[in-house]
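Visitor: In mature numbering (1 follows the signal peptide of the UniProt record, and there is no 0), the protein residues as written are -23 to -1, 1 to 281.
There may be inaccurate statements among the hints.
To be verified - Straight-line Cα separation of at most 20 Å, SDA-like style, residue types lysine to any residue; simulated pairs: (1) K157 x A182; (2) K152 x A164; (3) K221 x P179; (4) K152 x I106; (5) K97 x P21; (6) K132 x P179.
Derived from the structure by calculation, the hints contain no laboratory data.
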Amino acid sequence: MKKIGIALVLVFTFFGSSVQAQAAIKIPAFYVALGDSLAAGQTPNSQIDAGYADMIAGELARHQPVALFTKDLAFPGFTTEDVLERIKSPEAKEVLASANIITLSAGANDLLRLVQVNPKEGSLTFQQIQADFALNEARQNMEAILAELKARAPKADVYVMGYYFAYPHVRDSQKEGTGKQLDRLNAILKQSAAKAGAQFVPVDAAFGASPTDKVPNPADVHPNFTGYQAMANAFLEQYQKGWKVENTELPAPNPLSFEQILQAQEQGAASTENPPALENTSAMRPSEKVELDYLALREVLPYI
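Generate the whole structure from the sequences, applying the supplied hints.
Guide: In structure tokens, the structure reads:
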């Protein structure tokens, strides 16, 4: 896998409401988002923009100092096995060692790659035996991931993100079977988190049973800004009650194609030997700068 720059240091000024003295708050925050395309911020139109991780970082910065935010280790299509491999990589070593907040989205692609979707007919099909095997593998890998993070990121509080029902546009008669498998996945993630001393962040209730307003493209499983906002707020409810990404605080859309991101990364790699002076990014949202190099991409993958 192409080596990527992982240390994305964003120094935010302290502004907004004052920080309350609570043990859950990490000051300054060193926030690392791990996982699949939800962690990366993939849009319903196969582009990359601000996702829940960016919104979390922005809300943290409104209340407390943020020393680092990166989603460089996230990658569309990653399964739990891929995430496990990534956190063991040399690229991950330094950033994980400094992390004190980690969010993790992993497990959906273990299951969803087995689901056959026909958007025109509104149908879903899968083989139960294959789903059972995939979910068991996801359980084993998730436990291994959390064990690795305990060793590699000893200062970090780890938050395992749950999943929503990704096919709200199919016929109602088609939803139950796949919905049950996603419920099983969420149960596995919750149990694995509890076993490892991590926090599980459910998001299915925030999305609802038929979240067409948050997953608007019948041919795509990714949420829009409203969906990512719901995920960010589910995390914030556990991190610090009262903190919330309001509608007025959503970042302006700045979608980038995979080609644009690859080009930006190549330009960044070419300028590594002579880096420019750092700009003042004290009050800037992570999504507002292309040069953040916030995702390593090689190809478009049709999963979460």
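Visitor: Each of the hints needs a verdict: does it hold here or not?
Guide: Results for each hint:
The hinted pair formed by K157 and A182 meets the criterion: a straight-line CA distance of about 14 Å does not exceed 20 Å. Using a Cα cut-off of 20 Å, the hinted pair K152 and A164 holds, with the two alpha carbons roughly 18 Å apart. Between K221 and P179, the direct Cα distance comes to roughly 16 Å. Compliance with the 20 Å bound is thereby established for this hinted pair. A threshold of 20 Å between alpha carbons decides the hint, and for K152 with I106 the separation of about 18 Å falls inside it, so the pair holds.
Distance hint between K97 and P21 is fulfilled; the C-alpha atoms sit about 17 Å from each other, no more than 20 Å. The suggested pairing of K132 with P179 is violated, with an alpha-carbon distance near 23 Å, which exceeds 20 Å.
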